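Q: The chain contents come next:
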Amino acid sequence: MAVELKSRIPAGPLPEKWDRHRFEMKLVNPANKRKYTVIVVGSGLAGGAAAATLSELGYNVRCYCYQDSPRRAHSIAAQGGINAAKNYQNDGDSIQRLFYDTIKGGDFRSREGNVYRLAQISVNIIDQCVAQGVPFAREYGGLLANRSFGGAQVSRTFYARGQTGQQLLLGAYQALEKEIHRGGVKMFPRTEMLDLIVVNGRARGIVVRDEVTGKIEPHLADAVVLATGGYGNVFYLSTNAKGCNATAIWRAHKRGAAFANPCFTQIHPTCIPVAGEHQSKLTLMSESLRNDGRVWVPKRKEDAGKSPLDVPEQDRDYYLERKYPSFGNLSPRDIASRAAKEVCDEGRGVGPGGRGVYLDFADAIKRLGENAIRERYGNLFEMYQRITDENPYKVPMRIYPAVHYTMGGLWVDYNLMSNIPGLHVAGEANFSDHGANRLGASALMQGLADGYFVLPNTLGDYLGSTKLEPVNVDDAAVKSAVAEVAERTRRLLAVKGKRTVASFHRELGRIMWEYCGMARSAEGLRKALELIPALRAEFWRDVMVPGEGADLNQTLEHAGRVADFLELGELMCRDALHREESCGGHFRVEHQTPDGEAKRDDEHFAYVAAWEYAGEGQAPILNKEPLVYENIKLSQRSYK
Amino acid sequence: MQLTLKVWRQPGPNAEGGLQEYQATDISPDMSFLEMLDVVNEKLIERGEVPIAFDHDCREGICGSCGMMINGVAHGPMKGTATCQLHMRSFKDGDTVVIEPWRARAFPVIKDLVVNRGALDRIVAAGGYISVSTGGAKDANSIPVPKVDADRSMDAAACIGCGACVAACPNGSASLFTSAKLSHLGLLPQGQPERYRRALKMVAQMDIESFGGCTLFGECQEACPKEISIDFISRMNRDFLVASVRAQADSARSGGDG
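Residue numbers (the working numbering), protein chains in the order written: chain A, 1 to 640; chain B, 641 to 898.
Hints were generated in silico from the structure; no laboratory data involved. No experiment lies behind these values; they were computed from the predicted model shown. Positions of the beta carbon are idealized from the N, C-alpha and C atoms, including for glycine. Please note: incorrect hints may appear among the correct ones.
To be verified - A few chain B residues that don't get close to chain A, going by computed Cβ distances all over 10 Å:
1. E661
2. Q663
3. H727
4. K778
5. I783
6. D847
7. N877
8. A883
9. R886
Said to hold, decoys possible - Taking lysine-lysine and the BS3-like style, the derived pairs with C-alpha atoms no more than 27 Å apart in a straight line are:
10. A:K467 - A:K35
11. A:K186 - B:K787
12. A:K254 - A:K467
13. A:K366 - B:K787
14. A:K640 - A:K301
15. A:K306 - A:K254
16. A:K624 - A:K104
17. A:K35 - A:K186
18. A:K35 - A:K496
19. A:K394 - B:K646
20. A:K299 - A:K323
21. A:K498 - B:K683
22. A:K599 - A:K640
23. B:K778 - A:K17
24. A:K640 - A:K341
25. A:K104 - A:K186
26. B:K683 - A:K496
27. A:K323 - A:K301
Bound conformation, chain A alone (with noise of 0.2 Å):
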């Protein structure tokens, strides 16, 4: 049974869409807001706005996090940025720019509506954080400073030193912990979604577990919304927090909710490099760096292990610059990553095992002074200096492209809700924005923009126009759900095999780096297929989870986790298979241009690719909402 992708964009002028569909939407009168229960999953930027907003308007709101605390979201990780087209400069911003840039930097597979509305709230956020008390760079004068980002040659990024997702994390968590006192919003912290409950096709709660505890128990509510951010770490290693995973939209998909662009992720092009096998994570090193830093290899291989600083200045190839000579080293991330892996591919790669490029300040330096460098920059050459043990205003900073951001994820209309009836998703965790790529600074917008601005009207929407029937814990729907959360919890335990969960985990990262990383093919594609449900067999045959159910036990959380990764990493080389075409961070090296660009399908892949989960052993049914564009004009993406 196909899916019904209804995207419910509302009729009329681009620019008069949002206001219009505000206007048109179902109200919740004040009083009746208060009879009415939202579960908000996730406490990052998306989630922890949500709940905070709907609380202030008057709902009953459920929080919950699998951190000790809302404050430790993902998001609090993200360095450089937030864009929003408030023009402060006089650059020749404009909602209409940033609208446009975002589309073009998505390589045209995402839908216009949406991404108009989303820079038209971008400029509202900046006005929320500021009265928050968020403490964005000011210039001597006291006005907001800008820096720019990738993908775009106007200054739109506000930034808080290399520490924005943080501080625009904490004003959403200190107006939710406003709203916990406030006695609006119950919070659960150490608690995780391991299941939807879907109550007569409409998402009703949700079933949790306890982490320190262990106990497992429904949660109900009105509506339910995930912010649980994306899926990166299917592999493995990535610029994600250690415990950020795919469970609770993986979950949702099972009970019925399509999932969008899987294939879609983004591979960011400055990252600290792999340094060994005993590596857990990779840190990223803000783009912002590249206002200032030059990207460069040495131009002949031979000089590839020498010191960068005996590589004189003729014998450097700035291969960004040479490449796309108007946007530089401000290239997009897809684009910059691409052109990384391929100078490494062809033995200039610099650092341990040649997969290193330098990202080199020098010339910055020189013209501005090491002062003003660490002004900008300090914190991340600290951080820098602290893992590699090199002194970036010395020597050359040594980067590499790692998996950072997933543009894909549940599909949901233009109100954030996803096919089952008052499932809502928001921020990384939906598919909505960002099409084939994300610019720099636009997930923090997002996030917020999701939050803050959308959700709080399109849920009193649904809530407004729909009659709810009461549900309770002796629902069939909600026992069943609870009992085979509490199956498989005994299952993963009842193992007892000899592999730990961090070595499936490894090796299933290893065949999506490989298979499913910066270039696809339809050969290793299929060989990813073969793999994977070997892997995902081995798994369940052979895993090691020691202790019990019943207290903390990080095993246990963590292999859960990855079991839910070895089926989402099946779907996500399906859908790069199915996807005969190239764009944004999915590159197949069947369809490229002749200078190795990406090159789209516009008359066969110009629309979303939904699946649909069929059944344990079957192959998922992939539905198409076909993307329309009324006022942009597919072009090939050019930043030369």
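Using the hints provided, position chain B relative to the given structure of chain A.
A: Here is chain B on its own, set in the frame of chain A:
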């Protein structure tokens, strides 16, 4: 490298705990401290033993999840560095390393090195915010903030809420944490309307949570992975004093409570 670890193991909140010895072998100096513990844990799991529980998440020094006493020092020997960013090159082959959880009355142990830091959230909930609801904020540039104030506010706002300051303090005081939040907001024009009320409420919550008082040892500043300055505590004390005097005057004017 090879190290001997003495790790605090405690199966649950009410169980008795103790130090247990483990050998950490095949350790590379390029590993982070937590990666070293990963290696030890994988070996334990392979033998079917329960691994050492510790909180961690981002592993890039910003989420504030991790933290342990390493040879008696919160976050270990490297100044301005959270445990996850501490690398094994800070140790020598053959070293013995004692690893314990944060020790503070307000942070009960959940298991092994994992403690409950919920008290810090409740201090923020008591007043660590600017009470504005979403929507209706005026244009961001209509509130100019002098650069020095914004920078200083950011210095305080850099706190990651790890709790090292509490663990390092002989009194188990949360003054550095609380003062950092009060200063972050109190240094900005947006934070002025609630400045004194905020100081009263957050300080009161600190006491409720059974954190100790501050006697300006300065250990907190030494342990802080973000090197937040103890000067903020002086600022908190001043605001608290002004707030208390004002509150007394207000209550005298209005003839007592109500």
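Q: Would you mind marking each hint as holding or not holding in the structure?
A: Each hint, compared with the structure:
1. E661: Nearest chain A Cβ is 19 Å from E661 (chain B), so the label holds.
2. Q663: 16 Å, holds
3. H727: 7 Å, violated
4. K778: Violated, since 7 Å does not exceed 10 Å.
5. I783: 6 Å, violated
6. D847: The claim holds: D847 (chain B) sits with its nearest Cβ about 17 Å from chain A, beyond 10 Å.
7. N877: The assertion about N877 (chain B) holds, with a minimum of 21 Å to chain A.
8. A883: 18 Å, holds
9. R886: 21 Å, holds
10. A:K467 - A:K35: Since the Cα atoms of K467 (chain A) and K35 (chain A) sit roughly 13 Å apart, the hinted pair holds (cutoff 27 Å).
11. A:K186 - B:K787: 37 Å, violated
12. A:K254 - A:K467: Holds: K254 (chain A) and K467 (chain A) sit about 25 Å apart, inside 27 Å.
13. A:K366 - B:K787: Holds, at roughly 25 Å.
14. A:K640 - A:K301: 26 Å, holds
15. A:K306 - A:K254: Status violated; Cα separation ~52 Å.
16. A:K624 - A:K104: Holds: K624 (chain A) and K104 (chain A) sit about 21 Å apart, inside 27 Å.
17. A:K35 - A:K186: 15 Å, holds
18. A:K35 - A:K496: Distance of about 46 Å is beyond 27 Å: violated.
19. A:K394 - B:K646: 39 Å, violated
20. A:K299 - A:K323: 14 Å, holds
21. A:K498 - B:K683: Since the Cα atoms of K498 (chain A) and K683 (chain B) sit roughly 11 Å apart, the hinted pair holds (cutoff 27 Å).
22. A:K599 - A:K640: Within the cut-off at roughly 15 Å; holds.
23. B:K778 - A:K17: 23 Å, holds
24. A:K640 - A:K341: Within the cut-off at roughly 19 Å; holds.
25. A:K104 - A:K186: With Cα atoms ~41 Å apart, K104 (chain A) and K186 (chain A) exceed 27 Å; violated.
26. B:K683 - A:K496: 15 Å, holds
27. A:K323 - A:K301: Within the cut-off at roughly 19 Å; holds.
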